[in-house]
Amino acid sequence: MRTDPPGPHHEWLDDEAGPVVRPYAVTGGRVQPASGKFDLMAFVVAGPPDEGPQPPQPEHRAIIAAAQRPVAVADLAADLDLPVGVVRVLLGDLLATGRISMYEPPASRQFPDDDILKAVVNGLRAL
Amino acid sequence: MDSGRSDRIPVALKILIAGGFGVGKTTLVGAVSEIRPLQTEEVLTDASVGTDDLSGVEGKQTTTVAMDFGRITINDDLQVYLFGTPGQDRFWFLWDELAYGALGAVVLADTRRLADCFPSVDYFERRGIPFVVGVNCFDGARRYSVEAVRSALDLDPDVPILLCDARSRQSGKEVLIALVEHVAQRQGDPVRTH
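So the sequence lines, in the order shown, correspond to chains A and B. For the first sequence, this note's numbering assigns the number 1 to the initial residue and increments by one for each residue that follows. For the second sequence, this note's numbering assigns the number 1001 to the initial residue and increments by one for each residue that follows.
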């Protein structure tokens, strides 16, 4: 079954996301998260300011303010005290309008190399 | 827009903290990291998941699930994220997303209710996700040997088992270190098919 979401298509939301309407999310509407997309470990960074129209919702602007440096989706949701599903919808809006860039984590099953694992072990020991 | 921006994207590793309800997952995450609640707002689908029709979304029940979530900053370029898996069976649907791309998992066990961790062990075994078992030694609980727990859980010999105290930062660190070292040892090993 294939149902394209309405509006501009972007690859970060799949069929499961359902229709994405901005006020619908931030006014307490519910949305089914796009499983496996907008990963909790994906990082987002706000683009240069003053490009294009200002995003409509205060939550959008809060995300941009929080993403001046790279920030993980999970951190955003926790920092803004918003459900992950809502944050994903808002991020979708910002992506569609070019206000943020998104960096997906490496694909599943691709483990980091030994140097990284050693750094983690040493870092944990030093905590 | 990559040019001119000095902020690099850190490497972020995800570790799951699993185990039965009340086994000490929240305690462990809080002991080793700055813990924060993470809300996920999930649609509870009925049995007909495979035939989902988007037009029915508005009629579905949703629920807010709070997960434990912690971050350990190793350095500016390397962060470890801990996610406590929801302990109730009806939230299994969240696990696949959490497990996606995970470095590995810690399965916490309580010897008074060892069976509570069976589903977690099964889950990670079937998906080939590296895990270690941390036996949380509660006050008053009878101590069992590591080998007795291994036998009771029917674990492969290479799966590390540690006795731990989820309240202790040092103990929690040791469990996490054991997991990362276990992952490192498995590097290059073909993923076994059970």
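Derived from the structure by calculation, the hints contain no laboratory data. Careful, some of the hints might be misleading.
Derived contacts from chain A toward chain B, CB cut-off under 7 Å, selection only [unchecked claim]: (1) A46; (2) P49; (3) P83; (4) Y103; (5) P105; (6) L117; (7) A119; (8) V121; (9) G123.
Where a beta carbon is used, it is the ideal one built from N, C-alpha and C, also for glycine.
The hints, checked one at a time:
no.	hint	result
1	A46	violated, 10 Å
2	P49	violated, 12 Å
3	P83	holds, 4 Å
4	Y103	holds, 5 Å
5	P105	holds, 5 Å
6	L117	holds, 4 Å
7	A119	holds, 6 Å
8	V121	holds, 5 Å
9	G123	holds, 3 Å
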